[in-house]
Amino acid sequence: MSSLQLKEGMNMIESSESGNIIEVKNLKMYFQIAKSLFSSDTLTLRAVDDISFSIKKGATLGLVGESGCGKTTAARCILRLYESTDGQIIFEGRDITKLKGRKLRQLRKDMQIIFQDPYSSLDPRMSVGDIIGEPLVVHGVANATERSEIVFNLLKTVGLAPDHFYRFPHEFSGGQRQRIGVARALALNPRFIVADEPVSALDVSIQAQILNLLQDLQKEFNLTYLVVAHDLGVVRHLTQEVAVMYVGKIVEKAPTEELFHSPSHPYTEALISAVPSLNLKRKMNRLVLRGDVPSPVFPPPGCRFSTRCMYAKAICSQKEPPLEEIAPDHFVACHFPLEETAYKF
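Residue numbers (the numbering used here): 5 to 349.
Keep in mind that the hints are not guaranteed to be accurate.
Straight-line distance between alpha carbons at most 30 Å, and here's what the computed DSSO-like set of lysine-lysine pairs gives [said to hold, decoys possible]:
1. K113 - K102
2. K60 - K317
3. K107 - K39
4. K39 - K113
5. K32 - K104
6. K61 - K113
7. K61 - K39
8. K60 - K107
9. K223 - K61
10. K61 - K32
11. K29 - K223
12. K39 - K223
13. K102 - K60
14. K32 - K102
15. K61 - K29
16. K61 - K323
17. K160 - K223
18. K160 - K113
19. K107 - K61
20. K32 - K107
21. K39 - K323
22. K160 - K60
23. K61 - K104
24. K223 - K317
25. K107 - K223
26. K113 - K60
27. K29 - K160
28. K104 - K323
29. K160 - K102
30. K61 - K102
31. K60 - K39
32. K113 - K223
Simulated DEER-style distance windows between Cβ atoms [claimed, not checked]:
33. E138 - P332: 21 to 31 Å
34. G163 - I330: 52 to 62 Å
35. D296 - D235: 35 to 45 Å
36. F302 - V208: 30 to 40 Å
37. D45 - R109: 31 to 41 Å
38. A146 - F302: 45 to 55 Å
39. L85 - Q219: 20 to 30 Å
40. E150 - P326: 21 to 31 Å
Simulated from the structure, these hints should not be mistaken for laboratory data.
Nothing here was measured: the structure is a model prediction, and the numbers come from that model.
No residue lacks a Cβ here, since even glycine has one placed at the ideal position from N, Cα and C.
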């Protein structure tokens, strides 16, 4: 037995024992960008910089943070839409980091994505039936008659009418288009789905319907979700665990309710303080972070949040804090984790 086969065997044993469907270990995704328009020199953009987390089968993890923090890039690496720079991605006990060709194509059936924008993610020239059935055609699943039957069943599953099969995307509202996107993601009967900002482009009145649909589908098909979002209300509604990202790093990871009631990282506290509230006192005391988000090309030394943190001390700009467990399943990367906070959600 080769060392690679032995390693894969050990990964499968560990994953089986832990109940994890996804394990991300020390994932890095660096991009080389031009130093200037007329220069051949390049700079390194650290979009995802050494993050680790796992998701249990049938559970939902939320990946949150400001725009540009690396959360969508991390999700696309897990789906193998990007070739990661370093690290391991383990799916159902199997290392999929370097899969290529036929093996990678087979993996696509088990891992799907629901895109953020239901307006641009659907081909306007294709009928709804063709859009939902396209994954079945690409992977050679079933004949034409069977595919049509599968698509009709999927339309019913996501709350659309049979006659929608023959219509085109421009004839639907945003919420209906997102239901079409959800049906397409379900077509190959996947076990893991990335929901990338699944309701951010929708009216508030429609958002709850889509969130409830995702929860119902998870129960019906035993799905595992990775939800990428900046809306903490959405994350709290859908997830059992949350990882908070800042400039390519995970700064806090905890069970959802614990994170919202007892945030331990100053950045998490600031995010929670920004959530709209009917509490007038809380509105007046909202935490406003100083300065701008650092560039992932030139991240600050030490803790990446130190340049904006109101609690920062000298060590914060000198030494990077490791992600350490401060309570059961509650991890934080901070030299001085918060013990008390006035901001809860």
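Hint-by-hint comparison with the structure:
Proximity of K113 to K102 is assessed by CA-CA distance (about 17 Å); at most 30 Å being required, the pair is judged to hold. Among the hinted pairs, K60 with K317 is inconsistent with the structure: their alpha-carbon atoms are about 37 Å apart, more than 30 Å. Simply put, K107 and K39 have alpha-carbon atoms about 37 Å apart, too far for the 30 Å limit, and the pair is violated. Only pairs whose Cα atoms come within 30 Å are accepted, and K39 paired with K113 is rejected, the gap being roughly 39 Å.
Restraint check for K32 and K104: the C-alpha separation of about 19 Å stays at or below 30 Å, so the hint holds. Pair hint K61 plus K113 holds up; C-alpha atoms about 17 Å apart against a cutoff of 30 Å. Restraint check for K61 and K39: the C-alpha separation of about 43 Å exceeds 30 Å, so the hint is violated. With a CA separation close to 23 Å, the supplied pair K60 and K107 stays within the 30 Å bound.
Note on K223 and K61: the hinted pairing holds, with a Cα-Cα distance of about 12 Å set against a maximum of 30 Å. This hinted pair checks out: K61 and K32 have alpha carbons roughly 24 Å apart, not beyond 30 Å. Our distance criterion of 30 Å between C-alpha atoms is met by K29 and K223, whose separation comes to about 28 Å. A threshold of 30 Å between alpha carbons decides the hint, and for K39 with K223 the separation of about 49 Å lies outside it, so the pair is violated.
Restraint check for K102 and K60: satisfied, since their Cα atoms lie roughly 22 Å apart, inside the 30 Å limit. Distance check on the hinted pair: K32 and K102 sit about 14 Å apart at the alpha-carbon level, within 30 Å; holds. Of the pairs offered as hints, the one joining K61 and K29 holds, with about 17 Å between alpha carbons and a cut-off of 30 Å not exceeded. With a C-alpha separation of about 36 Å, the suggested pair K61 and K323 falls outside the 30 Å cut-off, and the hint is violated.
For a cut-off of 30 Å, the pair hint linking K160 to K223 stands: about 16 Å separates their Cα positions. Between K160 and K113, the direct Cα distance comes to roughly 21 Å. Compliance with the 30 Å bound is thereby established for this hinted pair. The straight-line distance between the Cα atoms of K107 and K61 is roughly 22 Å, inside the 30 Å bound, and the hint therefore holds. For the proposed pair K32 and K107, the alpha carbon gap of about 22 Å is at most 30 Å, so the pair holds.
Between K39 and K323 the CA atoms are separated by roughly 27 Å; this keeps the pair inside 30 Å, and the hint holds. For the suggested pair K160 and K60, the alpha carbons sit about 28 Å apart, so the restraint of at most 30 Å is met. The hinted pair formed by K61 and K104 meets the criterion: a straight-line CA distance of about 25 Å does not exceed 30 Å. Between K223 and K317 the alpha-carbon distance is near 46 Å, which puts this suggested pair outside the 30 Å criterion.
The straight-line distance between the Cα atoms of K107 and K223 is roughly 28 Å, inside the 30 Å bound, and the hint therefore holds. Distance hint between K113 and K60 is fulfilled; the C-alpha atoms sit about 19 Å from each other, no more than 30 Å. Distance restraint check for K29 and K160: the Cα-Cα separation of roughly 38 Å exceeds the 30 Å cut-off, and the hinted pair is therefore not satisfied. Distance check on the hinted pair: K104 and K323 sit about 38 Å apart at the alpha-carbon level, beyond 30 Å; violated.
Simply put, K160 and K102 have alpha-carbon atoms about 37 Å apart, too far for the 30 Å limit, and the pair is violated. For the proposed pair K61 and K102, the alpha carbon gap of about 22 Å is at most 30 Å, so the pair holds. Proximity of K60 to K39 is assessed by CA-CA distance (about 41 Å); at most 30 Å being required, the pair is judged violated. Restraint check for K113 and K223: satisfied, since their Cα atoms lie roughly 19 Å apart, inside the 30 Å limit.
Look at E138 against P332: about 44 Å separates their beta carbons, and that is not inside 21 to 31 Å. As the Cβ distance of G163 to I330 is approximately 42 Å, the hint placing it in 52 to 62 Å is violated. Here the CB-CB span from D296 to D235 is close to 22 Å, at odds with the stated 35 to 45 Å. F302 and V208 have their C-beta atoms about 37 Å apart, which keeps the hinted 30 to 40 Å range intact.
Between D45 and R109, the C-beta spacing of about 37 Å keeps the proposed range 31 to 41 Å intact. Remark: the range hint 45 to 55 Å for A146 to F302 is upheld by a beta-carbon distance near 52 Å. About 25 Å separates the C-beta atoms of L85 and Q219, a value consistent with the hinted range of 20 to 30 Å. Between E150 and P326 the C-beta distance comes to about 52 Å, which lies outside the given range of 21 to 31 Å.
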